[in-house]
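Enquirer: In case you want the letters, here they are:
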Amino acid sequence: MLKMPTLDIHKPDAVPRTDTKVSANDVNVFYGDKHALQDVTVNIPDRSVMAFIGPSGCGKSTFLRCINRMNDTIPIARVTGKIIIDNEDIYDPSLDVVQLRARVGMVFQKPNPFPKSIYENVAYGPRIHGLSHSKADLDEIVHSSLEKAGLLKEVKDRLNDPGTGLSGGQQQRLCIARAIAVNPEVILMDEPCSALDPIATAKIEELIDELRRNYCIIIVTHSMQQAARVSQRTAFFHLGTLVEEGDTTEIFTNPKDKRTQDYITGRFG
Amino acid sequence: MNEHTVKSYEEELALLDKKIAQMGGLAEQLLGQSLGALERRDPQLAEEVVLADKAIDNLEREIEEQVISMIARRQPMANDLRHIMGALRITTDLERIGDLAKNIAKRALAIADESHPKPLMSGIRHMVELALHQLKEVLDAYAERDADKALNVWRNDAQIDAMYNSLFRELLTYMMEDPRNIGISTHLLFGAKNIERVGDHTTNIAETVHFLVRGFNIADDRPKDDQTSSTLIS
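Order-wise, the sequence lines are chains S and D. Each residue of the first sequence is one higher than the one before, starting from 1 at the first, in the working numbering. Each residue of the second sequence is one higher than the one before, starting from 1001 at the first, in the working numbering.
Where hints are given, some of them may not hold.
Mimicking DSS-like on lysine-lysine, the simulated pairs with C-alpha atoms at most 27 Å apart in a straight line are [what the hints assert, rightly or not]:
no.: 1; chain 1: S; residue 1: K203; chain 2: S; residue 2: K153
no.: 2; chain 1: D; residue 1: K1193; chain 2: D; residue 2: K1054
no.: 3; chain 1: S; residue 1: K258; chain 2: D; residue 2: K1018
no.: 4; chain 1: D; residue 1: K1136; chain 2: D; residue 2: K1149
no.: 5; chain 1: D; residue 1: K1149; chain 2: S; residue 2: K256
no.: 6; chain 1: D; residue 1: K1136; chain 2: S; residue 2: K258
no.: 7; chain 1: S; residue 1: K258; chain 2: D; residue 2: K1149
Please keep in mind that the hints were generated in silico from the structure rather than gathered at the bench.
With the hints as extra help, turn the sequences into a complete structure.
Expert: So, in C-alpha cells, the structure goes:
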C-alpha cells in the first residue's frame, strides 16, 4: 500500500538548531497608550532561520526591533518583559547598547548603504568597533565580509565606487556584508527582499541559507512563500500576540490554530 | 471554514470536489455493472463497462491538469495543500478502481459461454456488494470531510480480505474436483482478486481522507488479512 509521505523530508534542516540563542519572556511593547505587543514568549534557536509572519500591524516588526533595542530610539515606546541572548538580559541597564547592536545586526526593507564607497560601507563598522589593527586587517575583513555576502565577485574591481551606484539587490547584499563585518551573532532582517526583483530575491534567499550555518537569523516577511522557503521555524503574529510558533513545514502544512490557517491560506477576515 | 479572499480559488477547489464526486460515481457504476455482466453473462454490458472506463481516465487527466495548474498558480498552503494533494491521490486510486472493474468485465466476456457455479457466484456478488458499500462510504467521507467515517472504512477492509480468502479456498477445491473447472475458476479467481484490490484502493482513499482532514497519517498498521499468497493445496 502506498503511504502518505511523512513530513520527515525537512528534518535534516531542523537538526542544526542546537540551543536557544534568543529567549523572550512575556515581552510587552507600548507605544504611548497603544499596547502594540502582548506577552510574547518564544525561544529562537541558534544557527537557523526563524521567520515572523502576520498581517500588517500585527507586531512582528515591533518584536524584531526589541531584539536589538531599536525601539529605544522611539521616545514613546516602552518595553517590558525579558529578552535574553546567551544568558544575558539585553534590557539590563548596565548593558552597552552600541555593543549589543554590533552583536545583533540588522538589515532593513530598503537597502540603505552609506553614501560612501563600497569598501567604506563595509569597513565602517569594524573600524569604529576597533576590530582591526592594521590596513591589512581591515582589507581582510572587508573582503571576507563581501565574500560571505556573495558580493565580492561582482564588486572586487570597483571597491572604491559609491555603494549607492549598485543595483538594489547588490545594495542589499552590501548591507548584509556591512552587518556581517562586525562579527554579529544574530542577524535581524526586516522584509529584506520586498524591494527586490525575483532574481535578486533568490540570491538573498540563497545567502540566508548559507549564513544560517553560522548565525541565528530572524526574518520578518510578508511573503509566506519566502518564509516557507528560507526558514526552519515560523512564528505567526496577529493583533499584537504570538498566535503560533513551530517547525516551518508543520506550520505550512498543518497549522494548529485556525487563525494561522486562515492567514496562510488567504482566507483572513 | 472562511472563504478565500480570492473567489476564483474557492471555485477551483469546489470544482475539484465536483470532479472527484463525478469520478467516484462512475467508478461505483462500473464496478456494479461489471458484476452484472459477470452474473447475467451479458457481453453487451461488459462491452459498455470497457468503454465507460475511458470516461474515468479522461476525468483523471482533467483533475491532474487542474491540480498542477493550481500548485503552479496558487501555491496552496495548509488545508488547501492537503485538499489538492489529496484530490490528486484519490483520483489515482479511483482510476485504478475503474481499471479493475474493466478487467472484471473483460473476464465476463471470456467466460460468457460457460456455466457458472452458483455458490461461487454468490461469493463474488457479496464481495462486490461490500466493496461498493466501502467505496460509497469513503466517497461520502471525502465529501463530508469525515475522518472517523474514513477510519471505519479503513478498518472494514478486513472483511473483504476474509471473503477473498474463503473464496480462494473454494475455488481451489472446485478446480481439484474436476480439471474442466480450471478455466472458469481461474477467471473467477482473478475477478475476486480484482475486487480485493478495489478494497485496497478504497483503503488508500480512506487514508488520504484522514490525512486531508486531520493533517497526519493513520497511526497503526492496517490488519492485513489476505493470506492467499501463502495458501497451498494440502
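Enquirer: Taking the hints in turn, state whether each one holds.
Expert: We went through each hint and held it up to the structure:
For the hint pairing K203 (chain S) with K153 (chain S), the CA-to-CA distance comes to about 13 Å; that is within 27 Å, so the pair holds. A hinted pair counts as satisfied when its Cα atoms are at most 27 Å apart, and K1193 (chain D) with K1054 (chain D) qualifies at roughly 22 Å. With a CA separation close to 25 Å, the supplied pair K258 (chain S) and K1018 (chain D) stays within the 27 Å bound. Proposed proximity of K1136 (chain D) and K1149 (chain D) is supported: the alpha carbons are some 11 Å apart, at most 27 Å.
Between K1149 (chain D) and K256 (chain S) the alpha-carbon distance is near 22 Å, which keeps this suggested pair within the 27 Å criterion. Of the supplied pair hints, the one linking K1136 (chain D) and K258 (chain S) is violated, its CA atoms being roughly 30 Å apart against a limit of 27 Å. A threshold of 27 Å between alpha carbons decides the hint, and for K258 (chain S) with K1149 (chain D) the separation of about 23 Å falls inside it, so the pair holds.
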